[in-house]
Amino acid sequence: MRYYKFQGFAFLIPILIIVSIFYGMIVWDLVAAFTHWQGLQPTWKFAGFYNFSRLFQLERFWINLRNNILWLVFFIVPTVLVGFITAYLLTNFKRGEAVLWQIFLFPMALSFIITGVLWAWMYDPSSGLINSILKMVGVNTSKFGWIALPKTAIYCMILSAFWQYLGFALVIYLGAIKGIPYEMVEAARVDGASHFTISFRIIFPNVGHATLICTTMLAITTVKVFDLVWVMTRGGPGVSTEILPYLMYRLTFESRDIGMGTATSIVILIVSAIMVIPYSLWALKKWVRI
Amino acid sequence: MRKSHILGLVIFLVVVMFIGLTGSSFAQNKEEEFIIFHYWTAGGEKEAINALFEIYQKRNPGVKIVENPVAGGGGETMLAVLMSNLAAGIPPDSFQDHQGNQQKDYIDAGYLEAVDDIWSESNFEARINPMWVKTLKFDGHVYSVPINAHRTNWLWYNKKVLDEVGVKPPENYDELLEACKKIKEAKPEISPLALGTREKVWSTYLYDMVLLTTGGADFYEKANTGRIDFLNDPTFRQAIERYAALIPYIYPWHATKSWDEAGALLKTGEAAMYWMGDWILGYYLNIGMKPEVDFSVSAIPANIWMGHADTFPLPKSAPHPNSARDWILMCTTPEAQKAFNLIKGSVTIVNDVPPDVYPDPYRKRSANDLRTLRAVCDGFHGGMVTPAFGSELMDILTKFLVDQDVDAVIKSIAEAAERTKLAEACSWFWK
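For the record, the sequence lines run as chains A and B. In this text, residue positions in the first sequence follow my numbering: the first is 27, and each later residue adds one. In this text, residue positions in the second sequence follow my numbering: the first is 1276, and each later residue adds one.
Be aware that one or more of the hints could be misleading.
As the list claims (entries may be wrong) - PhoX-like cross-link-like pairs, simulated, lysine-lysine; straight-line CA separation at most 20 Å:
#1 A/Lys169 <-> B/Lys1462
#2 B/Lys1591 <-> B/Lys1434
#3 B/Lys1443 <-> B/Lys1457
#4 B/Lys1412 <-> B/Lys1706
#5 A/Lys169 <-> B/Lys1459
#6 B/Lys1591 <-> B/Lys1412
If you're looking for bench data, these hints aren't it; they were derived computationally from the structure.
Let the sequences and hints guide you as you build the complete structure.
Laid out in structure tokens, this is it:
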């Protein structure tokens, strides 16, 4: 047994080096966040919570955080709900399931960059697809700015991400629903339960693991929608669609304020950890049985 | 397999991995090279830098030119790659930079080396507009040579629309506002002024214009270096009010347009005028617009040249200092300046290239104005403001473009100037 342990460890060395570089960078980031580092040259002078207090004083930071929360709520809830309902309907559709499945899954194959470009074209107020169609049916579109208006921009953006990730939720739920013993559903049906009752009283509680995977994965996605923001609005109009990772980039590379940029990244790390740790604990319990 | 064999194999693999990671840098240095980072990769720009490479190659036949050798080092990612390379102590031999506060960060960090000798050798200071000296000299030293001058106080306009409405091309702010009003009245379906704020920086170009036309060149320089009391200065308030007065005439969906897409609104007839630097000229010619038929341009204000330069600095401990110094020296020559700028769409920094070498009337005028008029640097790209303040300014202004709240924008600008210590950071300009 010792033999295998030693060999196992020896073969892990290369990956351990890479992983330690990765964690080393997080530590470096953490240290930099507590220094007076503004401009291009590291100072390594301890500054306490100076960067964080400057960051929290920025109105923009709170707008960013609010936007991140908006993403969490308005992206995850609809995607999970609609994903579940569509999956339930698909399992009842005996025909064409495979085809529909492909159609819903297709956007998943795209990157956020392509989704962003595509939807930004559609949302374009003067020549975009949406306003063109509305004009054709006689709607006055002069007030419909979509991503050009601060009030609607973020929701328009969330909708495009919803379009992309619906397939993901669908596939997870399809797999989970197929794993439920058929007798349970059949018994409910014999007892005269409606579709609503079957789906939300019987199936939904039995696919809790799928919901957990879905919400966690989608939550992680919301933390890294940088590319979509970059392509569609660059945080505009004003700062109305900025999210924390975007702020981190702007502070670091545009304002060249590394201290505040790293402080932002630490906030992102904490937020992500809060979202991922419950899932990790559950996953460890379920599959590794610690 | 024995324990020791496996251990040996693993050590071998680790060593190979490290050689793979670091070996490439050992392999270099054998032949003389010149490593340069730039982001001129689009059509027209690429040819312009290639023209410089050609001249350089003639001067230095044995030197191999290495462009952007870091993967992903082109375009917008160049800056991030450059910053980490400089911090890691592996600088290129030269890189594309701007002037003023944009360059000062590198100098403060100790990344650049002075090239005073190259300036004196080529008698550079006497051959350029004094403004360049003012924005390139830090504590008596210069660290780079500018290669081109882009004028940014240009108002491009759709000739047909202005003729139809019957307004003469505006040459000052009042005429511009008047023209906007007339166009809006005569043709309510088109936007008098195009703007694209997908890249938010273009909102600061209008800000520069109102500062310059309201308070003049001296006030402009003071305001952009934080030497005014933003909250209480009446001229500054007036400038912001003038900005606000233009907003109703600006293309309403500016947030969705990039600078070139906004420029195209002049071609489609959706907008009448466009405040943009002279790089748009190349774009207009590319999309088939005819100069003096479809479009023309006027300078606001007509008696000031505003713009910025691209520069090539010399990094400290550049791997091939001789190659780098010769590159920078070459950039001071009229030959290199002319070859680059004819293709790039800009004008030369040096006054000894005659303005009539340019094929179009706009650059003839720009070159002539740069030789004779008072010149100022534009705010963000020209490095009048610090990158930190500029970055906040564009967010404030793009918000202002939507809510038009004059008091709020003045307060925000004052706070941003305070927070980023604008006056302190720009004190070098007044030394």
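The hints, checked one at a time:
Restraint check for A/Lys169 and B/Lys1462: the C-alpha separation of about 18 Å stays at or below 20 Å, so the hint holds. Straight-line distance between C-alpha atoms of B/Lys1591 and B/Lys1434 comes to about 50 Å, which puts the hinted pair past the 20 Å bound. Distance hint between B/Lys1443 and B/Lys1457 is fulfilled; the C-alpha atoms sit about 11 Å from each other, no more than 20 Å. For the hint pairing B/Lys1412 with B/Lys1706, the CA-to-CA distance comes to about 10 Å; that is within 20 Å, so the pair holds.
At most 20 Å may separate the alpha-carbon atoms for a hinted pair to count; A/Lys169 and B/Lys1459 meet this at roughly 18 Å. A distance of roughly 17 Å separates the Cα atoms of B/Lys1591 and B/Lys1412; the hinted pair therefore holds under the 20 Å criterion.
Comparing the model with each earlier hint shows a violation of hint 2 alone; every other hint is respected.
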